Amino acid sequence: MSDEYKDNKIEAKSADSSSGGYAPPVEHIPAKEAPEQELYHAKSFWTKWVFSQDAKVIGVQYALTATAIGLVGLVLSWGMRLQLGFPETFSFLGPATYYQSVTMHGMIMVIYLLTALFLGGFGNYLIPLMVGARDMVFPYVNMVSYWVFLAAVLVLIASFFVPGGPTGAGWTLYPPQAILPGTPGSEYGIVLMLVSLSMFVIGFTMGGLNYVITVLQARTRGMTMMRMPLTVWGIFTATILALLAFPALFVACIMMTLDSILGTSFFMPDIFTMGEKLKTGGGSPILFQHLFWFFGHPEVYIVALPAFGIVSDLISVHARKNIFGYRMMVWAIVIIGALSFVVWAHHMYVSGMNPYFGFFFATTTLIIAVPTAIKVYNWVLTLWRGNIHLTIPMLFALGFIVTFVNGGITGLFLGNVIIDIPLSDTYFVVAHFHMVMGIAPLMVVFGAIYHWYPLITGRHLNQTLGKIHFWVTFLGAYAIYFPMHYLGFIGVPRRYFEMYDSPYMTSAIGLNQFITIAALIVGFTQILFLYNIFSSVFKGEKSERNPWKANSLEWHTSDYPPTHGNFGKELPVVYRWPYDFSVPGSDKEYIPQDVPPSQVSTAKAEIT
Amino acid sequence: MSQFDISKLPQGGKGFMHDWGSDQRAFKGVPWGKAMMWIFLVSDTFIFSCFLISLMTARASTTVPWPYASEVFALTVFGVEVPLLLIAIMTFVLITSSGTMAIAVKFGYEKRRKLCALFLLFTALGGLAFVGMQAFEWSKLIFHEGIRPWSNPFGAAQFGSFFFMITGFHGTHVSIGVIFLFIFARKTFRGDFDTGRKGFFTSMKSNYEAIEIMGLYWHFVDLVWVFIFAFFYLW
Amino acid sequence: MFVAIIFALVIVGSIIFHFWSPWWWTPVASNWGNIDDNIILSFWVTGTVFVVVCLFMAYCVWRYRYRPDRKAEYKPEDKKLEFRLTLITALGVAALLAPGLVTWNQYISVPKDAMKIEVLAYQWGWNFRLPGNDGALGTTSVSLISDENPYGLNPEDPNSKDDILVMDADLHLKINQTVKIELRSLDVLHNFYIPQFRAKMDMIPGIISYYWFIPEKKGDFEILCAEYCGLGHYVMRGRVLVDDEKDYSNWLARQITYEKMLAQKSVEKKLLIAENKN
Amino acid sequence: MEQNKKQEVHTHKIGIYLWIWGLLFVFSFFSYMVDYLDFQGLLRWTLIVTFMLTKAGLIMAIFMHLYWERWAIVNVLLWPMTLIGVFITIMVSESHYTFFTRLFYFVVGS
Ligand code: HEA
Ligand code: HEA
Ligand code: CUA
Ligand SMILES: [Cu+2]
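Protein chains in written order, with the numbering used here: chain A, -16 to 591; chain B, 136 to 370; chain C, 464 to 741; chain D, 5 to 114.
It should be emphasised that the hints constitute simulated quantities derived from the structure, not laboratory data. Any given hint could be a false lead.
Said to hold, decoys possible - Below 30 Å or equal to it, Euclidean Cα-Cα: the simulated BS3-like pairs (lysine-lysine) are: (1) C/K534 <-> A/K571; (2) B/K249 <-> B/K333; (3) A/K15 <-> B/K249; (4) C/K624 <-> A/K262.
Keep in mind it's a predicted model, so treat the numbers as computed, not measured.
Use the sequences and the hints to build the structure in full.
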């Protein structure tokens, strides 16, 4: 299809012709396929702001809740770092507390912070706006989704206060250890954790169905799939992954709950502990690991894909250049998503599973690197010959590229089954996943907040604080995790409360202390950021409409910031992809998606 | 502005390309609720698949003999042991209710209010009968056969665990379905879908599409039973 | 300007750190030196990509920084370039993967002459079992564990009689003797890991996992438990001592077999009974 | 207006539902007979799976109207099942591996 435009220098059209024979003529407006969405109009304060059915409000609720619980995760990481860096000094942390901190830190960060923030927060806020819908398709279900999520968070918090404390089984919750004495919280903590996770899955499914159907079925006229911003693509694909991956977690949670409270033996083999043989027997702990990672690996892409999408938009807008290779970017997201379901056992290379799986999973795992690499290339090629504004979102996007490539590359070490053997379960793995998941997507979260804050509040965040925030976070986090890889090479295992008496550790004590100090500095800088967020609501510099001169629909609503129903009387009609920056021959520097070709002065740009 | 007409769109593989390349909707002519139910069912399929895969794994990796389902679930009628009799009846009841549901959906689309409500009611009663028989089966296993989730006299302990967990989870699906069937039967009968009366919780209008969505769910429950029947009882 | 320089410095700093920091892996002491070779290969391939991509990014940031009079290029895609990059990456991946899989194949194929050793893990310690003269280990079951039979050996199995029980956290190995480690856990997951040997594998209750290696250097190595196993995970350590022929047989001579232990225990028991009678 | 269109697409003669209903009965009966007649081994396995998949196919195609849906949705619904397929394959292999190590190393039947 794009052959038509081959000899035309501008291939702007290319972006939406790929998926087949359908390309509307230039000024054509397709017929409406369905009547307007019926909206729920809130009448009181409560239904407007608290039990709100407006996706924008729900998005903010999700984001605030996730941030709040994320701060708990951050504080727990300080405790861990203090113990690791200065084991003698901070002896108030016993091993039980330490392991509980590790577990809750990992679980909170992955599930309750990042998943909820990207999908529940950004997904809710941005999807309807970006695809030109008035709201999510089922606002009521969407609202329930948030409340179930909140309940899940509360159950999680409750587990801190039950006898025995929260579970200390590691965020992977491997049985039989998770439910046997010898592990902190093996009685009540673990059950609450499993219940909380199950609730999270249920709540998420309600929200996730909304996001998927809104993208599939509620786009505005002219908004083809291939005209959606990559942000939407990332969140959309991640949501599909979540809908297919969370079931495995849900099932694993149910089975482990039964093992723990009913005494069934799904995951309990013949065990001899505490001087006697347990009554349970015959089950398979490896089964849990398979179920967990069938969920767990897609999960890491659930937090990565939205980041991929958002960062593409940040780079494009702030470099004033179209994203390079949009079509490849979309396909890469989809392929990564699909492949992520067939690599799960790379977390189990040393688990004692059937050793021949190593061949299969190493191959699939390394194949994923190819589409990912394409994305990385396209990000940097978008910078090439751009006109780069070094705004704060752009800085964070750059930070993301560096940390993501670094972390991705260490992933290649781990994915190659034989190299994983010495490195698995050491700090090399910890460094890998913090680089690629702890730091890289968080960079995008921060960048995205600086980018869309004006849209949400109508005010800018303070720029000076923002610059400090970026530099300290980026350099500090890099200083934490880059050296950490080398701890792994020495052989330091993860989840060690302390090992200062070990010959492997003697050379690295100073390094560990350095890491702790860096972590504390980075951590406290986040307070600056929080202060910035809350104070700028009132004191921030007023932002004019569309301050970054972006093309996507969310900046072109009738009210700014957008209000209930998002768009005015008529939904916008879309004529082009969202990346028409610096189109040659056009007198406009950027052409928003809803500007009809007739209003753009050049003939060439009309192709879009 | 031309009218949108779904029957003019290309079909088959071409239609696939067209729909995905088009604007507004990827699933042409599929209402939101129905699309949502379908995607939910795919997700739910993964849940049941994980359950059944776990069952398969446990069964294939245990060295303790697996109880022989057709004896465990036999029913004595007039002094004769008939294997799986109750299960067979349950299967037939569930299939029947699936049939009546399909017919209810048909009447729904033809807007034949009373017939639709009637067949919904049949379906609900079928479901209720199914749950009832399941309750009977559970109590028989627990009280007469001595099967517990954590152990049983016939062999591998996982047998009971999986039995109660999987049929329990399926039974929950059926029960939820039954509740909604009754609600929908009432709503249909009252004419909510003709008058556009607003829902109690959502305060949104609904129409006969709701019946089709309900139908999808109900057929899915039946579908899952087909697999459970094969994997648990016959294997 | 300043931004680009800092990014470039971060990359250069990483390279410097990599080559000049004192932290590097422990010298290999087994036959798995080819794992190190694989790691080095990965370092070069991926390290190069990392440096090139990031420096290119820094260059772009500097070269194409905002100028009011400049207009960005408009270039939606370049199929040729994208295809080439994909191809190069695929080749790079294949170059990493192929030798890795070959080595993995070695890792899971145990040589015929390997001596079998059982490593028994429990919360939180290590025991070992060596085959006797028959070279075979007897079957076990946790239901058989008792004071007389701490390993749960099968008394009916002829192979178990002469099994040597090392109820101690120190294991001795003979240098250059191929060993196949059979990993067994009594309670939860553990992992038998010695950084210098490069090899590791989880031990799972209810199943036996394995790996093999040849200790090629004499010395005293610390065993780490590398799979989280509860509160004592971090103190679950042991020692492997790689001895030469002579020291090894001395050590071996001091160990007792299952049969002997049974005999000893029954003597003790008789004594105990006799005492009670008095 | 969407409603009117749907009428043509989705309404079918009642006969087809009764037909399928009957077929489901028949296949359920067949699979029941597999057990009743006590077929064993590969035969049992093939028959059960065949009947199961046939029934599932009928329910999805006719009762759930998948047969009349457009390809765009049918494909989306069915492709994810390949992932399940991969999972099943891996777990079959895994459980056999577990089973044989247990047979080999442990006192079995205790
Ligand atoms: C956002 C999260 C995220 C992402 C994106 C990734 C991405 C990848 N991960 Fe990571 N991973 C985690 C989060 C993530 N991971 C977590 C949380 C864990 C630990 C869980 C736990 O045990 O607690 C983990 C653990 C983990 C393991 C298990 C280690 C172990 O426990 O022993 C493995 C092994 O294969 C692995 C591999 C990979 C690979 C190959 C990628 C790839 O997708 C990376 C692809 C990216 C690139 C490759 C970079 C870009 C490419 C180029 C610039 C060109 C490259 C050039 C060439 C190929 C020549 N990861
Ligand atoms: C997204 C995931 C994420 C994030 C952000 C972090 C952040 C941090 N983590 Fe990590 N961590 C995990 C996921 C994450 N972690 C997981 C999955 C594990 C494994 C658990 C297990 O083994 O079971 C783990 C384990 C783990 C360990 C290993 C413990 C052990 O094995 O014994 C250590 C040790 O140093 C550590 C340290 C830190 C530190 C110092 C920080 C940070 O302090 C780094 C610096 C801080 C920031 C870069 C900013 C953070 C900002 C916020 C958290 C939220 C605020 C949000 C808004 C304002 C919107 N973490
Ligand atoms: Cu044993 Cu960790
Ligand atoms: Cu992974």
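Now for the hints, and whether the structure bears them out:
{"no.": "1", "hint": "C/K534 <-> A/K571", "in the structure": "holds (11 Å)"}
{"no.": "2", "hint": "B/K249 <-> B/K333", "in the structure": "holds (20 Å)"}
{"no.": "3", "hint": "A/K15 <-> B/K249", "in the structure": "violated (33 Å)"}
{"no.": "4", "hint": "C/K624 <-> A/K262", "in the structure": "holds (28 Å)"}
Checked against the numbered hints above, the structure breaks only hint 3 and satisfies the rest.
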